[in-house]
Structure formats: structure tokens, C-alpha cells
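For the record, the sequence lines run as chains W and H.
No gaps in the numbering here: position 20 of the first sequence is 20 in the working numbering, and each next residue is one more.
No gaps in the numbering here: position 260 of the second sequence is 260 in the working numbering, and each next residue is one more.
Derived by calculation from the structure, the hints in this document are not laboratory data.
No residue lacks a Cβ here, since even glycine has one placed at the ideal position from N, Cα and C.
Some clues are possibly wrong.
Stated by the list, open to error - Here are the in silico distance ranges between beta carbons for each label pair:
{"#": "1", "chain 1": "H", "residue 1": "Y13", "chain 2": "W", "residue 2": "S243", "range": "50 to 58 Å"}
{"#": "2", "chain 1": "H", "residue 1": "D156", "chain 2": "W", "residue 2": "D187", "range": "37 to 45 Å"}
{"#": "3", "chain 1": "H", "residue 1": "L259", "chain 2": "W", "residue 2": "G51", "range": "33 to 41 Å"}
{"#": "4", "chain 1": "H", "residue 1": "V51", "chain 2": "W", "residue 2": "V111", "range": "21 to 29 Å"}
{"#": "5", "chain 1": "H", "residue 1": "V10", "chain 2": "W", "residue 2": "Q186", "range": "23 to 31 Å"}
{"#": "6", "chain 1": "H", "residue 1": "E153", "chain 2": "W", "residue 2": "I143", "range": "26 to 34 Å"}
{"#": "7", "chain 1": "H", "residue 1": "F16", "chain 2": "W", "residue 2": "Q42", "range": "32 to 40 Å"}
{"#": "8", "chain 1": "W", "residue 1": "D187", "chain 2": "H", "residue 2": "V51", "range": "15 to 23 Å"}
{"#": "9", "chain 1": "H", "residue 1": "N8", "chain 2": "W", "residue 2": "Q186", "range": "28 to 36 Å"}
{"#": "10", "chain 1": "W", "residue 1": "L191", "chain 2": "H", "residue 2": "E247", "range": "55 to 63 Å"}
{"#": "11", "chain 1": "W", "residue 1": "W24", "chain 2": "H", "residue 2": "V10", "range": "27 to 35 Å"}
{"#": "12", "chain 1": "W", "residue 1": "L212", "chain 2": "H", "residue 2": "F16", "range": "43 to 51 Å"}
As the list claims (entries may be wrong) - From the derived model, a few chain W residues whose C-beta atoms are all more than 10 Å from chain H:
{"#": "13", "residue": "L57"}
{"#": "14", "residue": "G65"}
{"#": "15", "residue": "Q104"}
{"#": "16", "residue": "L118"}
{"#": "17", "residue": "M139"}
{"#": "18", "residue": "P144"}
{"#": "19", "residue": "L158"}
{"#": "20", "residue": "V202"}
{"#": "21", "residue": "E210"}
{"#": "22", "residue": "A217"}
{"#": "23", "residue": "D221"}
{"#": "24", "residue": "S243"}
{"#": "25", "residue": "L247"}
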Amino acid sequence: MTPTTKIYDPHAARGVSGFLSDLWVGLSMVELWRAFAWDEIQHRYRRSALGISWIVLSFLMFVAGVSFFFAGFSGRGVESFVAYVAIGYAAFIFITGNFVDGCQVFTSSSVWIKAVSLPYSVHVYRSLFRSLLTFFLQMVVVIPILVWAGIRPGAVTLLFVPAVLVYLLNAVAVQYLLGLVAARFQDIGHLVTSIVRLMIFVTPILWVREGLEGARALAADLNPLTHYVEIFRAPLLGEMPRSTSWLVVVVLTVAVWGVVAMVAAAFRRRLPYWL
Amino acid sequence: MSRILVDNLVVTYPLFNRAKSSLDTQTAPLDAGEDFGGAHKRLVRDRRGYVTGVRALDGVSFRVEEGERIGLVGANGSGKTTLLQVLAGIYLPAQGRVRVEGRTTSLVNINLGMSSEATGNKNITLRGLASGRTRSEIEARRTEIAAFAGLGEFIDLPVSTYSAGMRMRLNFAIATAFEPEVLILDEWLSAGDAKFRKAAAKRMVEFVGQAGILILASHSASLLQENCTRGLWLDDGQLRFDGPIEEVLKAYEQDGNRLVGAAARA
Numbered sequence: 001m002t003p004t005t006k007i008y009d010p011h012a013a014r015g016v017s018g019f020l021s022d023l024w025v026g027l028s029m030v031e032l033w034r035a036f037a038w039d040e041i042q043h044r045y046r047r048s049a050l051g052i053s054w055i056v057l058s059f060l061m062f063v064a065g066v067s068f069f070f071a072g073f074s075g076r077g078v079e080s081f082v083a084y085v086a087i088g089y090a091a092f093i094f095i096t097g098n099f100v101d102g103c104q105v106f107t108s109s110s111v112w113i114k115a116v117s118l119p120y121s122v123h124v125y126r127s128l129f130r131s132l133l134t135f136f137l138q139m140v141v142v143i144p145i146l147v148w149a150g151i152r153p154g155a156v157t158l159l160f161v162p163a164v165l166v167y168l169l170n171a172v173a174v175q176y177l178l179g180l181v182a183a184r185f186q187d188i189g190h191l192v193t194s195i196v197r198l199m200i201f202v203t204p205i206l207w208v209r210e211g212l213e214g215a216r217a218l219a220a221d222l223n224p225l226t227h228y229v230e231i232f233r234a235p236l237l238g239e240m241p242r243s244t245s246w247l248v249v250v251v252l253t254v255a256v257w258g259v260v261a262m263v264a265a266a267f268r269r270r271l272p273y274w275l
Numbered sequence: 001m002s003r004i005l006v007d008n009l010v011v012t013y014p015l016f017n018r019a020k021s022s023l024d025t026q027t028a029p030l031d032a033g034e035d036f037g038g039a040h041k042r043l044v045r046d047r048r049g050y051v052t053g054v055r056a057l058d059g060v061s062f063r064v065e066e067g068e069r070i071g072l073v074g075a076n077g078s079g080k081t082t083l084l085q086v087l088a089g090i091y092l093p094a095q096g097r098v099r100v101e102g103r104t105t106s107l108v109n110i111n112l113g114m115s116s117e118a119t120g121n122k123n124i125t126l127r128g129l130a131s132g133r134t135r136s137e138i139e140a141r142r143t144e145i146a147a148f149a150g151l152g153e154f155i156d157l158p159v160s161t162y163s164a165g166m167r168m169r170l171n172f173a174i175a176t177a178f179e180p181e182v183l184i185l186d187e188w189l190s191a192g193d194a195k196f197r198k199a200a201a202k203r204m205v206e207f208v209g210q211a212g213i214l215i216l217a218s219h220s221a222s223l224l225q226e227n228c229t230r231g232l233w234l235d236d237g238q239l240r241f242d243g244p245i246e247e248v249l250k251a252y253e254q255d256g257n258r259l260v261g262a263a264a265r266a
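Just chain H, with the same shape it has in the complex:
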């Protein structure tokens, strides 16, 4: 049984080395913000005009039911990764409420959640224990994880010796091996080669079939089409479009073309 409810979610990153923006928002031409995707609206200022934080998500609401596979799209800095981190329980909302039903595994950054000094095998143990598995459950999965990651003898070498692709495969293999009910994946999956992407897609379908939820953020339209049923488009920290993945991708692409066209005309 898995379900996600997100209600009016607001996330603000605090900024401690207080900066005063060199762009004078009082006198700058009104359209100045448009070129930066309205970025200035997302800076949180105190009364003296110092920037004290960045609003990464601003009033996002949606719900996801069991078996749905969500593709998250949006420009750089639109809040995709932040949303994933909140769903994973890392960052606490500043306002709003998030309810996640089901055991959750998130892979947001391939450099996180691994001890780079430890071997691949040791990391399987650490991550297994961290997701609340017992030693015997971990041992039962170890061979399968190693096989899927395809690391061969590298499994006994420190993770710091791995290539980015090897880290990614190991990370993905561990994350999916312990049968999470909610799987949260960020952009990096699209960095895999064709063979890995195929294997990963197969594994994701299998796992969502077992009554799970997949949330996948990516800039790769083909990856999203292959793996997702529904799309969410984040724009400047707000949810702009929620619908079937094909429609969301189409609208997102058209918007991109419009911006490029406008820039060309200017």
C-alpha cells in the first residue's frame, strides 16, 4: 500500500552569508526578471533588502496513488530535486504538509548515501542496514545486487575507485533490491548507457508492478516516456501542469520552443 499526498508545500533554503543582490529590483526594468525565469521573485529578503533565503518550492499540491509512475520535468532550478528531497524526508517543509505512505528509497545524488572509502560490498551492508533490513536479508540479496550492478571484482574495492557509471549502477541496484514501496530517482539515471537504461527500465516496471510508486525527475523525454505514466511540470517552484506524461512533455517542449523563439526575435 503506497500513496503520496502533497498539500501546499513551501520550501525555503536559508542563506547565512547574507548577500545583497547587485540587481536593484526597485529601478530595474520590469521585464528584467523574465529573462531569468522570474528568479528574483524566489529570493527571500529581510526588511533591509538582504537576501536571507531562496524559495525552492512555492505552494505545490498533488497526490499520487499506488501504481503510478510520475515523471518530473522542469528547467534547471525549478525545484525538482528539492521536491524529491522533501518526499524522501530529508528536508522539512517550511509550510504545508506532505504525507508519504510506504517504505521510501531515494536516489537523488550518486555521491550521497555511499561511503567512498568503503568497498562496494560494505556499502551494500550499510545501505541495507540504513533502510532497516537485517543482516540475513542483506546477505540474501548480496549476490543479486552485485550481479545487477555488474561490477565483477570491483565489488571488493573501495567505491572511490569506481567510475561514475559504476557508482550509479551499484546505487541503483542497492536501492531497488530492498523492494521499496516508493522509489524516488533524480536526473542522474539518464547518464547511464543504453544497456543499463534498458535493465533499469525493466527493473522499475517490475517494482512498480508490485504496488509501488515511482517518481523520476529527468530532462530526457525518452526516458520519461519509457518509464512514466503521468507528468508533473515544475516551473519556478510552482506546479504548472499535471497530466498524462505525453501531454506534459508536449506542453513543456512547446514552452521551451516559445522561449527560444522569443530570444531569437529579441
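This is chain W alone, in the form it adopts within the complex:
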């Protein structure tokens, strides 16, 4: 074990390089954040009889219920609509989950942040790992639905891989940013929860954007979540995502990273004082 020297002054670990090293060193502590995440998952489901199967079960209940009531309005065949809802809802849960979890990613870890000097990103990866597990379990359910709906994988299907990578990239930035902001301004958590609740209705998950015209089509396109969901859902349904969607997502990803880099560079080390 090599000796370690740490220097703490008002400028220590400031700046973008401090933030990037926090992200990198945190990422390398994979065993730690995986252990934190498993511990959290275990105690969340420990006392329920069905345990982790609840993730799959509640997902199926939602997809079945929505398909039953909304399939007739969609203009798609029933099988295709079920697949559409299942994929879209899984993506939606993952994306908005990052917003909600992000608001408490640091406040819920205050017991550790105030006790052990670790890269703060460890707590972000912990939170992300847990929501990835949910996402993964839901995708396992989606596969038989795709088979049943008669959707066969093709070359276009592979486009879901970059979509997942972009999701992860966004998730880290959004959780880190909201974690900091919500620790300082506690109203943010309430605001985000309220907005997310509304998003399920204004994002094309329960309804289909194609076929809409005029103001409503425009409103759907102004919602960034429409595009985030699109780049993942379309390839899995065997359709080519619109290039507009990819463009919007790439621009927003760069913007989010720019903002989080600035905020974290300036205020990251004030976090323990805010908790």
C-alpha cells in the first residue's frame, strides 16, 4: 500500500478536472457501489414475499392495463401496441427514475458522505446501478412480448445499443446535477416529482405520436422525453428512429454535461455542508 497524501484547502479538487477525477475514481470503485446497491435492493424487498419479482409484476400490470384500455385508440394493431407500450414505459421509468432518484442521491447517502471521504460519484453509480437492474428486468419481460408481437430483429434493432449508452451518459450527469442542486435547494425535489407525474401523460407512451397533426404533434416534439424514448423504442420495434430525435438527444446530452461540469466544478465540495 503506497502512502497517500491529501491536501485540503479552499481550492482543493475544484474545477472541472476535480469533477472528472471524482467521476473516474468513483467509477473504479465498482465493488463498493455495487455492494451499496445490492444492500439497498435487499433491504427494500427483504420483507415482501414476492421480493424483487414485484418489479416485473408491477410492470406487467401496467402494460396489460394500458393495452386493454388504450389499444383501440392507437391506430396500431393490438400486438404491436402492447410492445410499443412495454418498451416505451420501461424507457420512461428509467429516464424519469433518474430525475427522482437524482434529487435524493446525495441526501439519502448523507450517513456515508459525512463519515468517509469518498468520491461523491460513488453514490451516483450506486443509484444508477439499482435503476439499471429494474430496467434490465423489465427488458427481460419485453423480449417475449416482442416475439409474441411478431417483431423480428434486424439490422435496425442494433440501434438500441447506442441509445442505452446515451441513457447511461445522461443518467450520470442528471443524477449528479440534481443531487447537488436538490441538496442545496430542497424545493427542487418536490418540483421534479410534480413534473414527472405530469410527463407520463404528455409523452407518447400511452398514445402514438404518428398520426397527430398540428399543435399536438408540435407539443409532443417539444417534449425532450419524446425523443429520448423514441431512440430506444423505435429500433426495438424494427423501425428507424427519426434523425431529429437523435439530434435533439445529442444536443441535450452535451448541454446537460456542460451544466453539470460547471456546477460541480464550482460547488461540488460544498456538498457536506448542505446535508
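Knowing the structure of chain W, use the given hints to seat chain H on it.
Quick look at chain H alone, frame taken from chain W:
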């Protein structure tokens, strides 16, 4: 190799629900502050007189060399815990500079650094990983930690079922098992029973003998005499006395008597 250098350290806690002190500092009698240990001087105000922060440490400087065992004394609110937190790298200084050489472990609050839903065993893993140890290093120490903590079968129960003493023993056992070079301990150690204090003292001597630094904050003179060689006395966020532990304790005690005497006369 371990060493600590603290240079002109200032720490200010921000206060967000801005308060205006009901004590009017402009017209209150000059000696009013004295009874509160000069506490009003430590409130940071903006131009309109609102309190925006609390200055916990104000220009503290000292250095600690390898093998020294430091006892930290001072009244409640004198900045002991804050100093320990800064040395542990939790809080960043507002001004000044701190340099800590050596792997550091801190035990500042027994409720921190533990997942209370997780079992004792799981917490050994978490804390081991958090101090940068590998799985195999953790497994190699697990039995020893459990034995020192003396938890028996409780080691497989969630920490939330533990008594304060059990939490403390487990925490201490984990913290010292991974051979830190700088060990930072706050007040709570003196809450242990005689048997634990003896075992803990032995373990601390062993570990400082292996080229380490111990920083121990306590109100218990006997605990400090048993474990420390040098004393630091913090008074209102400033370093008032730095010297051999016996001298520091004597001066601190005399100051306490003087205050009590003054209060009795008044």
C-alpha cells in the same frame, strides 16, 4: 509514514434559513458575550445583520509528526468535531490549508458510516471497500473484527438491532482493523465500558506503535491521559494551548475552575 500539517485553518458552516439574532449586539452590555464564551463573535453576519453562518474554526495551526498521540480538549462547541471532520477530508476549509499524509480513518459519530439496515458482517464489507481494501483483505480480517467487537451471533443481524455500545465496538473494530496510518476518534469512545476502554487503549497503542498518528477528542481526562502524549486545547474555534497532555489538561481544568468560581461570585 504519516504527518499532519494544519495552517491557519478557518471553517464556516453556512446557514440557509437566515436568522436574525434576538440579542441586539449593538446595545447589549459589553460583557454579555462573555457568559456565552464569546459565542456571538463566531456568528457570521451579512450587512443587514442576518446570521449567514457559524465560524467553527478560526485560524488554527499546528503540526503532528509520526507516532504522536494527540488529545483534543475544549468545551462543547469549541470546534473539536469540526477539526476532526476537516482532517478526515469531509469538510473543506473556507481558508487555510491542511495536509494529511497517510491513510486516514475517522470515527466521528457512531451513527455515521454504517448502513443500519445491513448486518454487521455486511457493514464490515462496506467499510472495508470504502477504505479501499479488496475482498480478500476484508475476508482475512473478518473473524478478527467480529472477535474484537464481541458481537457473537449479532454480527449477522441488522445494525439497527444493536445497542449503542455494540455499534461502537463494531465501528472501532472495523476502523482499526484495516491499519490506518492516521486514526481520528471523537468523544464517543469514552462512552464504552471499562472492559472495552481497556481493549481499545491496547489496540490504539499497538497501532500508533506501527508508525501512526492518533487524534482523540474527549472530555474524559483519564481517557486522554491513558492514550495521549500531547494535548491541543480548542477554545471558541481557536487553538489556546498546545503542549504535553498533562500540562494541557491542567490548564484546561484550572480555566474551568476559574469560570465556575466567577459564576459563583456573580
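Evaluated hints:
no.: 1; hint: Y13(H) x S243(W): 50 to 58 Å; result: 51 Å, holds
no.: 2; hint: D156(H) x D187(W): 37 to 45 Å; result: 42 Å, holds
no.: 3; hint: L259(H) x G51(W): 33 to 41 Å; result: 59 Å, violated
no.: 4; hint: V51(H) x V111(W): 21 to 29 Å; result: 27 Å, holds
no.: 5; hint: V10(H) x Q186(W): 23 to 31 Å; result: 27 Å, holds
no.: 6; hint: E153(H) x I143(W): 26 to 34 Å; result: 44 Å, violated
no.: 7; hint: F16(H) x Q42(W): 32 to 40 Å; result: 35 Å, holds
no.: 8; hint: D187(W) x V51(H): 15 to 23 Å; result: 22 Å, holds
no.: 9; hint: N8(H) x Q186(W): 28 to 36 Å; result: 33 Å, holds
no.: 10; hint: L191(W) x E247(H): 55 to 63 Å; result: 57 Å, holds
no.: 11; hint: W24(W) x V10(H): 27 to 35 Å; result: 30 Å, holds
no.: 12; hint: L212(W) x F16(H): 43 to 51 Å; result: 45 Å, holds
no.: 13; hint: L57; result: 23 Å, holds
no.: 14; hint: G65; result: 32 Å, holds
no.: 15; hint: Q104; result: 16 Å, holds
no.: 16; hint: L118; result: 6 Å, violated
no.: 17; hint: M139; result: 28 Å, holds
no.: 18; hint: P144; result: 34 Å, holds
no.: 19; hint: L158; result: 36 Å, holds
no.: 20; hint: V202; result: 33 Å, holds
no.: 21; hint: E210; result: 46 Å, holds
no.: 22; hint: A217; result: 44 Å, holds
no.: 23; hint: D221; result: 39 Å, holds
no.: 24; hint: S243; result: 44 Å, holds
no.: 25; hint: L247; result: 40 Å, holds
When each numbered hint is compared with the structure, violations occur for hints 3, 6, 16.
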